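Protein chains in written order, with the working numbering: chain A, 1 to 260; chain B, 261 to 520; chain C, 521 to 823; chain D, 824 to 1126.
There is no bait here: all hints are sound.
With the C-beta cut set under 8 angstroms, the calculated list includes, among others, these residues of chain D facing chain C: (1) Gly-889; (2) Arg-1049; (3) Ala-1080.
Which chain B residues stay away from chain D? Per the calculated CB distances, all over 10 angstroms, these: (4) Gly-286; (5) Gln-294; (6) Pro-361; (7) Gly-431.
No wet-lab data here; the hints were simulated from the structure. For clarity, every value in this text was computed on a predicted model and none was experimentally measured. Glycine residues also receive a C-beta, built at the ideal position from the N, C-alpha and C atoms.
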Amino acid sequence: MIKNECMTVKSQKQIAAAIFELTLSGELVSAMDQPGQFVHLKANDQLDPLLRRPISICSINQDRKEFTMIYRADGKGTKQLSKKKVHETIDVLGPLGNGFPVEEASFGETVLLVGGGIGVPPLYELSKRLKSSGVNVIHILGFQTKQAVFYEAEFAGLGETYIATADGSYGIHGYVTDVITSLENSFTTIYSCGPTMMLRAIEKEYGADKKVFLSLEERMGCGIGACFACVCHTADDPDGFSYKKVCSDGPVFRAGEVVI
Amino acid sequence: MIKNECMTVKSQKQIAAAIFELTLSGELVSAMDQPGQFVHLKANDQLDPLLRRPISICSINQDRKEFTMIYRADGKGTKQLSKKKVHETIDVLGPLGNGFPVEEASFGETVLLVGGGIGVPPLYELSKRLKSSGVNVIHILGFQTKQAVFYEAEFAGLGETYIATADGSYGIHGYVTDVITSLENSFTTIYSCGPTMMLRAIEKEYGADKKVFLSLEERMGCGIGACFACVCHTADDPDGFSYKKVCSDGPVFRAGEVVI
Amino acid sequence: MNRLSVELPGLSLKNPIMPASGCFGFGREYSQFYELSKLGAIMIKATTPEPRFGNPTPRVAETAAGMLNAIGLQNPGLKKVISEELPWLTQYDVPVIANIAGSKIEDYTAVAAQISQAPNVRALELNISCPNVKEGGLAFGTIPEVAKEVTKAVKAVSKVPVYVKLSPNVTDIVEMAKAVEAGGADGLTMINTLLGMRLDLRTAKPVLANRSGGLSGPAIKPVAIRMIHEVSQHVSIPIIGMGGINSCEDVIEFLYAGASAVAIGTANFSDPFICSKVIDELPELLDELGIDHLSECIGRSWR
Amino acid sequence: MNRLSVELPGLSLKNPIMPASGCFGFGREYSQFYELSKLGAIMIKATTPEPRFGNPTPRVAETAAGMLNAIGLQNPGLKKVISEELPWLTQYDVPVIANIAGSKIEDYTAVAAQISQAPNVRALELNISCPNVKEGGLAFGTIPEVAKEVTKAVKAVSKVPVYVKLSPNVTDIVEMAKAVEAGGADGLTMINTLLGMRLDLRTAKPVLANRSGGLSGPAIKPVAIRMIHEVSQHVSIPIIGMGGINSCEDVIEFLYAGASAVAIGTANFSDPFICSKVIDELPELLDELGIDHLSECIGRSWR
Ligand SMILES: Cc1cc2nc3c(=O)[nH]c(=O)nc-3n(C[C@H](O)[C@H](O)[C@H](O)COP(=O)(O)OP(=O)(O)OC[C@H]3O[C@@H](n4cnc5c(N)ncnc54)[C@H](O)[C@@H]3O)c2cc1C
Ligand SMILES: Cc1cc2nc3c(=O)[nH]c(=O)nc-3n(C[C@H](O)[C@H](O)[C@H](O)COP(=O)(O)OP(=O)(O)OC[C@H]3O[C@@H](n4cnc5c(N)ncnc54)[C@H](O)[C@@H]3O)c2cc1C
Ligand SMILES: Cc1cc2nc3c(=O)[nH]c(=O)nc-3n(C[C@H](O)[C@H](O)[C@H](O)COP(=O)(O)O)c2cc1C
Ligand SMILES: Cc1cc2nc3c(=O)[nH]c(=O)nc-3n(C[C@H](O)[C@H](O)[C@H](O)COP(=O)(O)O)c2cc1C
Ligand code: FES
Ligand code: FES
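Extracted from the complex, chain A is given alone in its bound form:
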C-alpha cells in the first residue's frame, strides 16, 4: 500500500564525500516490506525543484517506525534534502516498486550482493534479511575513490565484504566485476544495484548461469506507473511494444527480463 506522509527527520549526517545518511520516522514505515523498494521525496513545498526524487530504502526499523536512506547530495533536490534538520519534515511517497526477492535464496546458500556507488544502500536491508534467513552473504562494493566509501563496517558485520575503488585509493584497485571473477565460484545468486554499465556486465557474465537480480535506475516523473517516463523494453520483444516500468514493475528485475 503506497502512502504519502510528511515524515519527521530523526537524524541526518554526512558519512562520506557528499554522501548523507538520513533517518525518517512515520507511519509509512509500516508499509515497507521488501528490501530494494524506494521512496519518492520532496524536500520543499516550493516549485523549484518541482519533481520528487527517487531514493532507495537502505534499512528499516519497524519497532521505531523509522527507515534510513543514503544519498549523494549532488543536484538541486538532493542538496536541498541534505539541509533538512532533525524535527523538520519531508514529504515522502512510498514505499514504491518491487524490491529484491529474498525468498530466492535459501538457508545455507551463498549469494553475492554487488553494489556500485549510490547503488550500495538498498543492499544493506537486503543483506540483513538474507542473513536472518541463514543465507551466507558476500558483499562486493565498488566506489570511485576512498572518500566516497561508506557503510563498510555495517556490511562487514553481516558477511564477507570486499571494497573496490576505481582509482585504487582504498581496498581493491578496480571494478566490482574484477572482484567477482577473483572469487571462488560457489555462489548461486547475485543481487545487484549500481551504474547501468556495471549491471550490464554482470548480466552478461552471470545472467545465464546464476540467479541474477538487478535494480535499475531511470529518470522518473510520477514514480507510480502513470506517466510512462521510466519504461524499458522487455527482453523477449526488444523492438516491440511490450514494456516494463522501472518505477512500478521494477526497480528490481530478474536478469534477462528487460533490456538494460
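Given chain A, work out where chains B, C and D with the ligands should sit, using these hints.
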C-alpha cells in the same frame, strides 16, 4: 551606498494577525541613514519566488548593527520570510531609496505621522528621529481591525497616538483622515505612508497648505532604478515623458511632486 | 445546489477538475489514492490506432518550475484501450474524455469512430499538438487549414462532442482556435506543452533521448493564461484550460481567463492527491472570494 | 590567452557575458556594484526616436521561476541617449550594443543611422520583438518578409554590425532567423520574452496595467535553449543567447546549444552582482569540464 549582504536573523516574532517583526544584523546597517528607506529582500536561494521583496526599515540600532522591519506575511515571499529563524541568514540589498526628510520639521513644531496598515512601520524610526530633534509628534495609525494593530505602545511612548480601525473593533471607528479632521489644526507637516487611497486623500486635503511627504508603493523589479518598473508621472507633466522612479527617486515624495 | 458543477458539450461535470491527458495514465495508479468518481472527468492517455512504445529514455527532464517530457505517445493501442482500460473505468461514476492522436487524418478518424462508442467516453480530445512525435503531427497543430480539416473529419465520425487541444507553439493562437471552431469543434482544450530542451552539462547533449520535449508545469502558466484570455474572447465554444495548475487559486485564475473547466497535469507527479485536494478546497476559496457558483468566474478577466 | 574571449561581428568581447537590454538601464545603477569594464559588453535599454513614457503601472508581475514585464519601451529618446547616456558610458572600456525599437521602419532607420555613429556603440540590436507595444510592432517580429525588410533598411544606414533580436512567439523560429539573415543581419540575439499574463485573484483582472506582458527568467530557459539549438544549425551568423540565465552552468548550456555569447536579464534583479559573479566563476567551471577555451563549447550539443 547600497550594499548587498547576507544578514543574520536576530529575532523574528509575530506581533499581530499575520504581522511579523524581524530584526537582522550586519554591516549593511551602517549605511542606513534615513527613516523611510527600504531594503530589498530574498529569503531563499531557489528560483521560486524569484524576485526580491521591498520592505521598509522600521527602526535602526547602529550600536548593535541591527535593524528591524515589520511586514505582513501574505504572499509567497513574505510567508517564506516569516519562516526564517534566529541565526539563519537573509539576502538583503539596501538601504534603498530616499526616505522622509527629518530636517523639514524643526524644534518645537508639531507634525503628524499618518500611517495605514503595513505603511505604519517606517514612521517609527521617523518618529524617533523627530522626537530627538525636539519635534512634537502626533501619530495617527489606521488598521483594518483590532487583530491587525501593532506598535501602539511603541508609538505612544514617543507622542500622542490615535488608533483607528476600519471596522471599529478598536480605537476610533473610521479612517485616519477622519482623525486628522477631528484634530486641532496646529500641525505644520504631515509624513505619511499607507494605501494609495489614503495618500491621495491626504494630498488632496492638506497638500496645498501643509508640508506633506508621502511614501509610495509600487511593484518593483530591480529596486535600484534600472528596470523602469516603478515609475510615476511627475505632477507638472502628468501626460508627458518626465517621470520619477519610486525605488530610487522615492519612495518618499513631497505632495504635488508626482502623480499618485 | 452544487456550486462546482459545469455543463459542457457532452459533459455534465460534478466539478471542473480533471487530470490532464498523459499525466494520469488510465487512472489505475491514482485510484490507489482516492476515489476516481470524485473527479469532474478523466482525460485518458493519448490513444493511437496501433500500440506505440514511444521514445527512448530518458523521457523526462526537470526545468525551473517545470519539466520536459518526450514520452512519444506510448499507449497500448485502440483495441486494448477499448477492451481493457475503458471497461475498467466504468466502475467509476466519472465521464471519460478520450485523447486521440495520430500521424495522419485516417489515424484520428479510425480511433475517433470506435472510441467514441464506448459507453463512458463522453467527449474526445483531439491531440493535434503533440510536440514529441516526428511524423508530421506538427502540421495538424500549426497550420489552421490542416487543423480545420482534421477536426471536420473527426466530427463526421464521432458519436460524442469533439474538443480540440491547441498547441501553444504558434504565432497566432486565435487563428488556430477559430479554424478548429469553423471545423466544427465543440470545445477547445489548451494548452499543450511548449517545445523546450535541456542540455547536460557533462555531455553537452540533450538530456532527453528525443532531444527536445514538451515543457509543462507552473513555468508555462502565464502563457496558458494569456492564450486562454485571448482565445475565449474570440470563439463561442467552451475551453478546458490547463498548463501549470497547482492549486485552487490557479483554477480560479484559469476560469477568470475564460476557461469553463480545467485539467491538472504535471502537478499530479509532485502531489498525487492534487486533483482531490483542489476539489475539496475549492468551496472554501469561493466563500473567501464571495462567489456563489463557479460559473460566475468564467471570463471575469475580460467581461 | 584569455579563455573567455569571443570575437563577433563588431565586437571583441573580453568574455561572453553582457546584461540584456532593458534589465540594466544604461548601466548607471549597476556601476555602484562593480566595474562595468569587466563586462563583455552592455546591451542598453531600447531607444526610440522620441522619448517614451511607456505603459501605466503595475508593469511587473512575478510568476513561477519567472516574471512578466510590460515596461512599454520607456526611454529618454534618441537625442538624450546620444547626448547623455552613451557619453557617460565611454568612461568604461566596454563595447555597447544599442537596442533600437520603433513602430515603423523609419523609426528603426532614424535611430540606427544616428546611434550607430556613437564611438562606443559597436553593434545594434534590432528589437523587432517587443511584445508590449501596441502599435504594429508585432508584425516585425512575426512575419518573415517584414522582418527581412526592416533588417535590410537598418543595414543600409548602420555604421556598425546589426544583430536582430528574435521573438519566441512564432510557429517557426528558423524561418524568422533565415529571413533576417537574408536581410543582411550580422548576428541574432534570442530570445526575447514569451507573451504571458497573470490575473489577480481578488479583482479577476490582469495584474499588469497593460494586461499582458513578456515572460522572462528561468521559466523560459528550456524554450530559449530549444530555439537556439534549432536556429544555430540553420544559419551561419552568430547568436547571442538569453532567456533565464542565472549561473555559469546556464551560460555553458547556452553555448552548447549554439550561442556564441550570452546576455543576462532578469537575474540582475534578484542578484545585482550576477554578471560579475558569472564572469569570475566561469574559468573554474571550464577547468572542471576540461575545456580550454570557451569557444570549444559553442554548438557542442549538435556538432
Ligand atoms: C529507483 C531508484 C533508486 C535510487 N536510489 C538512490 C539512493 O539510494 N541513493 C542515491 O543517492 N541516489 C539514488 N537514486 C538516484 C537519485 O534518484 C538521483 O541521484 C537524484 O534523483 C538526483 O537528484 P538531484 O536533485 O541530485 O539532481 P538533479 O540534477 O537536480 O536532478 C534533475 C532531475 O533528474 C533526475 N535524476 C538525476 N539523476 C538521476 C538518476 N541517477 N536516477 C534517476 N533520476 C535522476 C532527478 O530525479 C530530477 O528529476 C535512485 C534512483 C532510482 C531511479
Ligand atoms: C518601498 C516599499 C516599502 C514597503 N514596506 C513594507 C513594509 O514595511 N511592510 C510590509 O509588510 N510591506 C511593505 N511593502 C509591501 C511589500 O513589498 C509587499 O507586501 C510584498 O512585496 C508582497 O510580497 P508577497 O510575497 O507577500 O506577495 P506576492 O503576492 O507573492 O507578491 C508577488 C509580487 O508582487 C509584488 N507585490 C505584491 N504586493 C506588493 C505591494 N503592496 N507593493 C509592492 N510590491 C508588491 C511582490 O514584491 C512580488 O514581486 C512595501 C512596498 C514598497 C514598494
Ligand atoms: C508526462 C506527460 C505526458 C503527456 N502526454 C500527453 C498526451 O498523451 N496527450 C496530450 O494531449 N497531452 C499530453 N501531455 C500534456 C498535458 O496533457 C498538458 O496539456 C500539459 O502538460 C500542460 O499541463 P500541466 O502543466 O498541468 O502539466 C502530457 C504531459 C506530460 C507532462
Ligand atoms: C524588465 C525588462 C525589460 C526589458 N526591456 C527590453 C528592451 O527594452 N528591449 C529588448 O530588446 N528586450 C527587453 N527585455 C527582454 C530582455 O532583454 C531579454 O531578452 C529577456 O528578458 C530574456 O532574458 P532573461 O530571462 O535573462 O531576462 C526586457 C526584459 C525585462 C525583464
Ligand atoms: S515514473 Fe511515471 S511511469 Fe514510472
Ligand atoms: S524597480 Fe526597477 S526602476 Fe524601480
